[in-house]
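A.B. asks: The listed protein sequences correspond, in order, to chains U and B. Quick note, the first sequence lines up with residues 1 to 113 if you use the working numbering. Quick note, the second sequence lines up with residues 1 to 106 if you use the working numbering.
Treat each hint with caution, since some may be false.
Taking CB as the label site, the calculated pair distances span [what the hints assert, rightly or not]:
#1 Glu-72/U <-> Gln-42/B: 19 to 25 Å
#2 Lys-70/U <-> Pro-106/B: 25 to 31 Å
#3 Met-10/B <-> Gly-16/U: 40 to 46 Å
#4 Gln-42/B <-> Thr-83/U: 35 to 41 Å
#5 Asn-57/B <-> Pro-39/U: 26 to 32 Å
#6 Arg-45/B <-> Pro-39/U: 17 to 23 Å
#7 Ile-77/U <-> Thr-83/B: 33 to 39 Å
#8 Lys-52/B <-> Thr-113/U: 31 to 37 Å
#9 Val-12/U <-> Gln-16/B: 40 to 46 Å
#10 Thr-5/B <-> Pro-61/U: 40 to 46 Å
Keep in mind that the hints were calculated from the coordinates and are not lab data. Glycine residues also receive a C-beta, built at the ideal position from the N, C-alpha and C atoms.
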Amino acid sequence: DVKVTQSSRYLVKRTGEKVFLECVQDMDHENMFWYRQDPGLGLRLIYFSYDVKMKEKGDIPEGYSVSREKKERFSLILESASTNQTSMYLCASSPSTGAYEQYFGPGTRLTVT
Amino acid sequence: LAKTTQPISMDSYEGQEVNITCSHNNIATNDYITWYQQFPSQGPRFIIQGYKTKVTNEVASLFIPADRKSSTLSLPRVSLSDTAVYYCLAPGKSTFGDGTTLTVKP
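Sequences are here, hints too, so could you generate the full structure?
C.D. replies: See below:
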């Protein structure tokens with residue numbers, strides 16, 4: 001089975017801190033994604049990556065950056081956390097060609113105080 | 001980015017068939033359409049995907065018309081445990097819509 005793991009299930013950070021959210025997948029997938037999910041707003045795409053060192057902006061990239069140095073790992077970085085970044089963050093991966101089924105991790109609930 | 005549109009919510013009763021329709025704008029020629037199910041405090045889980053016409057698996061059926069501008073997820077004989085949020089996604093460089101909250105009542 002495909003497994004997507006995220007470094008933390010729950011995280012509490014202070015305003016202004018630099019925050020790293022890590023995601024690792026074990027199926028050699030080319031594509032990886034970061035979403036945030038807020039009540040009533042569904043899943044919103046922050047960034048995605050098609051390959052190592054490649055990244056593209058999604059719908060809401062402001063305040064975030066990403067890093068993909070290895071194929072299996074995709075990191076989301078909050079350079080200076082703010083309270084409006086309190087949210088559930090979901091990572092996903094998918095194969096590059098043909099069907100695009102995305103496999104999701106369990107999510108990280110980030111609270112910025 | 002391609003975006004999808006679904007009804008915000010639907011109610012049903014146990015044992016009924018539920019159909020959820022999704023509209024896709026700017027879907028790419030080679031994009032598949034996928035549907036996901038999400039329970040509270042969990043990541044979305046893949047249900048079914050298709051390119052055109054009809055696809056059926058052990059969980060659901062997916063109907064896609066020839067113009068591929070919409071798709072319909074069909075859940076046969078729903079149970080209380082099917083209460084969840086359902087998302088359609090036209091993948092590739094696309095993003096999820098707001099999802100449909102399905103509530104199944106006894």
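A.B. asks: Against the range 26 to 32 Å, how does the distance between the Cβ atoms of Asn-57/B and Pro-39/U compare: consistent or not?
C.D. replies: Check passed, 30 Å falls within 26 to 32 Å.
A.B. asks: Within 40 to 46 Å: is that where the Cβ-Cβ distance between Met-10/B and Gly-16/U falls?
C.D. replies: 43 Å, holds
A.B. asks: Is the distance from the Cβ of Arg-45/B to the Cβ of Pro-39/U consistent with 17 to 23 Å?
C.D. replies: About 20 Å separates the Cβ atoms of Arg-45/B and Pro-39/U, which means 17 to 23 Å holds.
A.B. asks: Cβ-Cβ distance between Val-12/U and Gln-16/B: within 40 to 46 Å?
C.D. replies: With Cβ atoms ~43 Å apart, the hint holds.
A.B. asks: Could you tell me whether the CB distance from Glu-72/U to Gln-42/B stays inside 19 to 25 Å?
C.D. replies: 22 Å, holds
A.B. asks: Using the Cβ atoms, figure out if Gln-42/B sits within 35 to 41 Å of Thr-83/U.
C.D. replies: 25 Å, violated
A.B. asks: Is 33 to 39 Å right for how far apart the beta carbons of Ile-77/U and Thr-83/B are?
C.D. replies: 36 Å, holds
A.B. asks: Mind checking the hinted window 25 to 31 Å against the Cβ distance between Lys-70/U and Pro-106/B?
C.D. replies: With a Cβ separation near 49 Å, Lys-70/U and Pro-106/B fall outside 25 to 31 Å, so the hint is violated.
A.B. asks: Between Lys-52/B and Thr-113/U, does the C-beta distance stay in 31 to 37 Å?
C.D. replies: 49 Å, violated
A.B. asks: Could one say that the CB atoms of Thr-5/B and Pro-61/U fall in the range 40 to 46 Å?
C.D. replies: 23 Å, violated
Hints 2, 4, 8, 10 from the list above are not met by this structure, while the remaining hints are.
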